[in-house]
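Residue numbers (our numbering), protein chains in the order written: chain A, 82 to 384; chain B, 9 to 260.
Any given hint could be a false lead.
Said to hold, decoys possible - Derived lysine-lysine pairs resembling BS3-like cross-links, with alpha carbons at most 25 Å apart:
| no. | chain 1 | residue 1 | chain 2 | residue 2 |
| --- | --- | --- | --- | --- |
| 1 | B | K44 | A | K383 |
| 2 | A | K220 | A | K165 |
| 3 | B | K126 | A | K383 |
| 4 | B | K105 | B | K126 |
| 5 | B | K148 | A | K383 |
| 6 | B | K141 | A | K380 |
| 7 | B | K162 | A | K380 |
| 8 | B | K141 | B | K126 |
| 9 | A | K343 | A | K130 |
| 10 | A | K130 | B | K148 |
| 11 | A | K383 | B | K162 |
| 12 | A | K146 | A | K157 |
Claimed, not checked - To list a few chain A residues with every Cβ distance to chain B over 12 Å, as calculated:
| no. | residue |
| --- | --- |
| 13 | F252 |
| 14 | A261 |
| 15 | G299 |
| 16 | Y304 |
| 17 | L356 |
None of these hints come from the bench; they were simulated from the model.
Only a predicted model underlies this, so the values are computations on that prediction, with no experimental measurement involved.
Even for Gly, the Cβ is constructed at its ideal location relative to N, Cα and C.
Spelled out, the chains give:
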Amino acid sequence: MRAQFVLSEIGVGLRRNLTMTFAVIVSVALSLALFGGSLLMREQVSTMKGYWYDKVNVSIFLCNKNDKETAANCTKGAVTEAQKQEISSELKRMNIVESVQFETSEEAYKHYKEQFGDSPLAASLTPDQMQESFRIKLKDPERFDVISTAFAARPGVQEVQDQKKLVGDLFNLLNGMNFAALGVMTLMLIVALMLIVNTVRVSAFSRRRETGIMRLVGASSFYIQMPFIMEAAIAGLLGAGFACVLLVSGQYFLVNNWLVDKIDVINFIGWDAVLAKLPLVLAIGLLMPALAAFVALRKYLKV
Amino acid sequence: MVTLTDGSRFGSPYRYPGHRGAPVIRFDNVSKTYPKQNRPALRDVSLEIEKGEFVFLVGSSGSGKSTFLRLLLREERASHGAVHVLGKDLARLSNWKVPQMRRQLGTVFQDFRLLPNKTVGENVAFALEVIGKPRTAIRKTVPEVLDLVGLGGKDDRMPGELSGGEQQRVAIARAFVNRPMLLIADEPTGNLDPQTSVGIMKLLDRINRTGTTVVMATHDQQIVDQMRKRVIELEKGRLVRDQSRGVYGYQH
């Protein structure tokens with residue numbers, strides 16, 4: 082009985098403020114789509130960074146037996162145990178080095194698999210094709226050149242790689258886009274919240290007769306406020322639903338049907354990542370407008 | 009004097025208004041000053057109203073009648089002194105308990121305060137719905153109480169189709185449907201012609217005879233003089249007269 086009563090009240094309220102409700106739905110949808118998009122972009126960046134990116138500054142890749150023909154530094158064949166020992170002990174003696182880790186080809190294979198998953202490139206690889214490497218963390222990341230001059234020409238070293246320089250620009254771009262998305266999202270969110278507050282105000286005003294009577298006959302404040310809060314929550318949930326549709330269609334049309342074909346070196350995030358974000362988007366879409374309505378009611382509805 | 013018929017329809021024994029017990033209303037040196045105002049709206053008022061009494065609250069506009077009623081309903085809190093209603097100190101009553109307290113009060117206003125888009129029956133049922141009464145109980149109670157106020161069979165009419173007196177009866181039915189201990193009426197006859205007013209007063213008197221305490225603010229001299237009930241007069245916020253079986257006043 083109570084549920085039915087409350088539902089009819091909500092229906093009346095939503096219809097009475099149709100344009101305002103529509104505005105709330107659209108702004109919530111856009112802000113939450115941006116929010117979800119920026120979460121996914123962050124995930125994409127961290128996928129692309131791979132296992133070592135945030136942990137080390139410099140990688141020294143050692144020659145593999147397959148590199149003999151392909152790499153100029155490796156004409157003498159694969160790296161030997163003695164060469165590895167020498168590099169390792171020398172690295173440990175350098176005081177600009179904070180830590181050194183040795184990555185075996187097995188580990189390299191594992192990390193590669195994690196990063197590129199089931200892309201066709203990764204599927205054709207075997208562990209013995211992977212290079213062994215030293216992963217070095219520097220006390221001062223700018224001192225890359227010291228390591229480079231010391232080891233680049235060593236026998237058994239294929240390449241000394243400055244980790245940040247390689248993909249830093251791309252990540253900076255992606256991070257910039259991410260911040261921009263978050264900024265726009267914040268603005269849209271503020272717009273959405275102000276719209277909700279205003280909707281509640283209009284709604285409370287147009288129903289002041291009912292709420293006044295409810296108060297007189299002793300309806301609890303929760304009971305009086307609930308239709309307003311539910312109205313905002315339903316509008317928010319509809320907006321969040323649209324945001325989910327936007328995210329899913331973005332993944333389907335933009336990533337799966339277009340980017341994946343254009344760019345095959347990047348392992349794009351899949352459906353699991355997108356679907357995992359949807360409950361969060363829905364929950365925020367439900368709770369945030371409800372909270373905004375609750376706060377607005379404290380101001381506009383005396384109980 | 010208003011003559012009353014069939015008070016027995018309520019089925020409750022007539023209670024003599026003077027009987028002792030915990031007062032329904034007690035004001036102890038109550039003052040109320042609204043924010044940003046120098047002059048208090050109510051100044052050092054002390055009184056007791058017993059269970060079953062019928063009290064007229066009179067006084068010119070701005071004398072503090074409305075403030076008095078607002079304090080009873082705890083729409084406002086006293087600045088000084090203590091207000092007890094139905095045994096509860098309203099200053100100590102936490103906000104979330106106020107609705108529970110209001111369920112034991114009935115309120116009637118000059119402007120009826122009905123919902124124009126609901127039928128008579130729905131208007132009365134609304135009071136029960138919003139406090140979560142089960143539907144079966146509502147379906148049983150609403151026709152009973154409409155019958156009781158003399159509107160039997162008019163459940164499906166809209167308030168706009170009714171006369172002022174009938175609308176006020178609906179409002180009284182809504183106020184009384186929970187069988188409150190205390191009925192507060194703020195100029196219930198203010199919008200009605202004298203003939204209709206008498207009918208409303210008879211109804212209030214009948215409700216009073218079921219044991220419900222009635223406090224009624226009014227400007228209607230004729231009614232006060234006819235009913236000969238207790239009269240409390242306020243003037244500029246002060247209690248200037250408290251008279252059992254009183255009349256409206258001398259200066260008006």
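Structure-based check of all given hints:
1. Restraint check: the Cα-Cα separation between B:K44 and A:K383 comes to about 20 Å, which is no more than 25 Å; the hinted pair holds.
2. For a cut-off of 25 Å, the pair hint linking A:K220 to A:K165 stands: about 22 Å separates their Cα positions.
3. Distance check on the hinted pair: B:K126 and A:K383 sit about 23 Å apart at the alpha-carbon level, within 25 Å; holds.
4. Only pairs whose Cα atoms come within 25 Å are accepted, and B:K105 paired with B:K126 is rejected, the gap being roughly 28 Å.
5. A threshold of 25 Å between alpha carbons decides the hint, and for B:K148 with A:K383 the separation of about 32 Å lies outside it, so the pair is violated.
6. Under the criterion of a C-alpha separation no larger than 25 Å, the hint pairing B:K141 with A:K380 is inconsistent with the structure, at around 29 Å.
7. Proximity of B:K162 to A:K380 is assessed by CA-CA distance (about 39 Å); at most 25 Å being required, the pair is judged violated.
8. Between B:K141 and B:K126 the alpha-carbon distance is near 18 Å, which keeps this suggested pair within the 25 Å criterion.
9. With a C-alpha separation of about 20 Å, the suggested pair A:K343 and A:K130 falls inside the 25 Å cut-off, and the hint holds.
10. For the hint pairing A:K130 with B:K148, the CA-to-CA distance comes to about 71 Å; that exceeds 25 Å, so the pair is violated.
11. Restraint check for A:K383 and B:K162: the C-alpha separation of about 33 Å exceeds 25 Å, so the hint is violated.
12. Under the criterion of a C-alpha separation no larger than 25 Å, the hint pairing A:K146 with A:K157 is consistent with the structure, at around 9 Å.
13. Remark: the non-interface label on A:F252 is consistent with the geometry, its nearest Cβ contact in chain B lying 53 Å away (cut-off 12 Å).
14. Separation of A:A261 from chain B is adequate, the least Cβ-Cβ distance of about 45 Å exceeding the 12 Å criterion.
15. Chain B draws A:G299 into its interface by the beta-carbon criterion, the shortest separation being 3 Å against a cut-off of 12 Å.
16. A beta-carbon of chain B comes within 12 Å of the beta-carbon of A:Y304; the shortest separation is about 6 Å.
17. With a least CB separation of 40 Å from chain B, A:L356 remains clear of the 12 Å interface cut-off, as annotated.
Comparing the model with each numbered hint stated earlier shows that hints 4, 5, 6, 7, 10, 11, 15, 16 do not hold.
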